[in-house]
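Protein chains: 2
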Amino acid sequence: MNSLEEVEDFVRNGHRHYLPHLSIDPVIFGYHDQQLKILLLNWKGLNGWGLPGGFIQRREPLSQAAHRILQERTGLENVFLQQFHTFGDSPYRLQERNPREFFEKYGVDMGEDNWLFERTLSVGYFALVDYSKVNVRTDFFTQNYQWCDVKEIPSLLFDHNEAVDKALATLRLQIYHQPIGYKLLPEKFTLPEIHTLYETILGKELDPRNFAKKLVALGLIKKLAEQRAIGPHRSPYLYQFEKETYEDALKQGIVHTY
Amino acid sequence: MNSLEEVEDFVRNGHRHYLPHLSIDPVIFGYHDQQLKILLLNWKGLNGWGLPGGFIQRREPLSQAAHRILQERTGLENVFLQQFHTFGDSPYRLQERNPREFFEKYGVDMGEDNWLFERTLSVGYFALVDYSKVNVRTDFFTQNYQWCDVKEIPSLLFDHNEAVDKALATLRLQIYHQPIGYKLLPEKFTLPEIHTLYETILGKELDPRNFAKKLVALGLIKKLAEQRAIGPHRSPYLYQFEKETYEDALKQGIVHTY
Numbered sequence: 000m001n002s003l004e005e006v007e008d009f010v011r012n013g014h015r016h017y018l019p020h021l022s023i024d025p026v027i028f029g030y031h032d033q034q035l036k037i038l039l040l041n042w043k044g045l046n047g048w049g050l051p052g053g054f055i056q057r058r059e060p061l062s063q064a065a066h067r068i069l070q071e072r073t074g075l076e077n078v079f080l081q082q083f084h085t086f087g088d089s090p091y092r093l094q095e096r097n098p099r100e101f102f103e104k105y106g107v108d109m110g111e112d113n114w115l116f117e118r119t120l121s122v123g124y125f126a127l128v129d130y131s132k133v134n135v136r137t138d139f140f141t142q143n144y145q146w147c148d149v150k151e152i153p154s155l156l157f158d159h160n161e162a163v164d165k166a167l168a169t170l171r172l173q174i175y176h177q178p179i180g181y182k183l184l185p186e187k188f189t190l191p192e193i194h195t196l197y198e199t200i201l202g203k204e205l206d207p208r209n210f211a212k213k214l215v216a217l218g219l220i221k222k223l224a225e226q227r228a229i230g231p232h233r234s235p236y237l238y239q240f241e242k243e244t245y246e247d248a249l250k251q252g253i254v255h256t257y
Numbered sequence: 000m001n002s003l004e005e006v007e008d009f010v011r012n013g014h015r016h017y018l019p020h021l022s023i024d025p026v027i028f029g030y031h032d033q034q035l036k037i038l039l040l041n042w043k044g045l046n047g048w049g050l051p052g053g054f055i056q057r058r059e060p061l062s063q064a065a066h067r068i069l070q071e072r073t074g075l076e077n078v079f080l081q082q083f084h085t086f087g088d089s090p091y092r093l094q095e096r097n098p099r100e101f102f103e104k105y106g107v108d109m110g111e112d113n114w115l116f117e118r119t120l121s122v123g124y125f126a127l128v129d130y131s132k133v134n135v136r137t138d139f140f141t142q143n144y145q146w147c148d149v150k151e152i153p154s155l156l157f158d159h160n161e162a163v164d165k166a167l168a169t170l171r172l173q174i175y176h177q178p179i180g181y182k183l184l185p186e187k188f189t190l191p192e193i194h195t196l197y198e199t200i201l202g203k204e205l206d207p208r209n210f211a212k213k214l215v216a217l218g219l220i221k222k223l224a225e226q227r228a229i230g231p232h233r234s235p236y237l238y239q240f241e242k243e244t245y246e247d248a249l250k251q252g253i254v255h256t257y
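Those sequence lines, one after another, are chains A and B. For the first sequence, numbering that gives the first Met the number 0 gives the first residue as 0, with consecutive numbering after it. For the second sequence, numbering that gives the first Met the number 0 gives the first residue as 0, with consecutive numbering after it.
These are computed hints drawn from the structure, not numbers from a lab. Here the structure is a predicted model, which is why all the values come from computation and not from measurement. Keep in mind that a hint or two might mislead.
Note that the list lumps identical chains together, so a pair holds whenever it fits in one copy or between two copies.
[To be verified] Straight line, CA to CA, 27 Å or less: simulated DSSO-like cross-link-like pairs of lysine-lysine: (1) 187 <-> 104; (2) 203 <-> 222; (3) 250 <-> 104; (4) 250 <-> 150; (5) 203 <-> 43; (6) 43 <-> 250; (7) 165 <-> 222; (8) 250 <-> 165; (9) 250 <-> 213; (10) 222 <-> 182; (11) 203 <-> 213.
One chain only, chain A, in its complex shape (with noise of 0.2 Å):
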């Protein structure tokens, strides 16, 4: 929404092409030069930081949604958008809302009974990109964004922070039984970058011949004949995923052994 009038027509008629009582709202994680940050949007009339969000249409399949979302409001499309957690517990989640006093600073009347009035419950979903890859787009309630290091998230809007939390603990649980990294690394890579990359997402130091080991016995990467010079005497190998087993892993999990 980048009008008046399309803000006019959501708060108005929007439950005629959108399910009342179930939003979307992704948490968009972006990993550059171990970095890990988040998206957050500043919400103008409400003077807050949140995440981005939107409802799903009357005909729309869920994970459509999810995209169409996080295209709209970031700009980013294709990307890996996974389902994590239902939220319905917090107290925001449960009352009934009212964004009267919102819609009016705009000059939106919201008169009676307005579909908007009512309990949302959350579809979670996150994301992990390159952050330097994206443009971010801003619409009509959302003037300024920022991608904020996962160390330093402030107190978000409504339940934003539980969001936030749990999509961190279930990427950082997830790390271990499903392979990342395919667009978040050079094709070429060296084992201290993707070291870096997974202590990053972790928030932890990693034990960095153990971890090397794991992943080529993993059969998740494989070491090239080529090196890159850095420095004098300084020409580490480097590795490329294995493509295959990856995808694999994606789908089916990576399976320890017991």
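Based on the hints, put chain B in the right spot on chain A.
What follows is chain B alone, placed relative to chain A:
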């Protein structure tokens, strides 16, 4: 719902008590005696098998609704119940519904614009219980039930096969990073007993020595000084869950080393 009067009230006034567009259909896994089963209910009017299910009350926390529905439909209380996926992509979840014929069989007139005609997404939860300890409760719609082996699931009503498949895949992946078994084994058990539990859930063979070593190394189980006499010259040592490590691992996940 046990009487026709309750059903009529549900059909006509349910939208005042429940959120439309969202149901909960729990997948109940039952383990006993080397078998993994799921609970299926037989829907009288539809002449087929499906999962138990229900709707979320207007001001009810989502997770509480899941526990209430499970308790109402199966009698199960205080079980570990975990959200795993929200379904909104299959053709069944995209269409508006038409249960008019179903309710007419019972003489319930749905009128026009009934809330049950609308598209409904489903929040999936699964539980894992000892099925020998469950007294299943049926209701007006579901006269019969069965515990059906996961290897022999028939074609189910609605999109319930998709829910069962996804729940089983989640359980099987999760067994590698979340402990299970606390309420499924006797307080003191032998290694073959816990080994069989894991093999049954995973549906495949595990190396007996590595498996036991790993569980002990993770601190999830400990060897007792006690042995169980099960025959001449056969008295295996007993093991017990380490409650504290187990509870921690439930919250934070078992962290496999990289």
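Exercise. Between the shortest in-copy and the shortest cross-copy C-alpha distance, which are at most 27 Å for residue 250 and residue 213: within, between, both, or neither?
Worked result: both (19 Å within a copy, 25 Å between copies)
For this session: Evaluate residue 187 and residue 104 at a C-alpha cut-off of 27 Å and name the case that applies: within, between, both or neither.
Result: Result: close neither inside a copy nor across copies, 52 Å intra and 65 Å inter.
Exercise. At most 27 Å between C-alpha atoms: does residue 222 with residue 182 qualify within a copy, between copies, both, or neither?
Worked result: within (18 Å within a copy, 45 Å between copies)
For this session: Classify it for me, residue 250 with residue 150: is the Cα-Cα distance of at most 27 Å met within a copy, between copies, both or neither?
Result: Result: close only across copies, 21 Å inter versus 30 Å intra.
For this session: Using 27 Å as the alpha carbon limit, work out where residue 165 and residue 222 are close: within a copy, between copies, both or neither.
Result: neither (35 Å within a copy, 35 Å between copies)
For this session: Could you figure out if residue 43 and residue 250 sit no more than 27 Å apart (CA to CA) within one copy, between two copies, both or neither?
Result: neither (40 Å within a copy, 37 Å between copies)
Problem set entry | Alpha-carbon proximity between residue 203 and residue 213, which holds within one copy, between copies, both or neither at 27 Å | both (17 Å within a copy, 23 Å between copies)
For this session: Since the copies are identical, ignore which copy is meant and state whether residue 250 and residue 104 lie within 27 Å (CA to CA) inside a copy, between copies, both or neither.
Result: Intra 47 Å, inter 43 Å, cutoff 27 Å: neither.
Problem set entry | residue 250 and residue 165: within-copy, between-copy, both or neither at 27 Å Cα | both (22 Å within a copy, 12 Å between copies)
Problem set entry | Intra/inter-copy verdict for residue 203 and residue 43 if alpha-carbon distance must be at most 27 Å | Answer is neither; intra-copy 36 Å and inter-copy 55 Å both fail.
Exercise. Should residue 203 paired with residue 222 be assigned to within, between, both, or neither, using CA atoms and 27 Å as the limit?
Worked result: within (25 Å within a copy, 32 Å between copies)
In this structure, the hints that do not hold are numbers 1, 3, 5, 6 and 7, in rising order.
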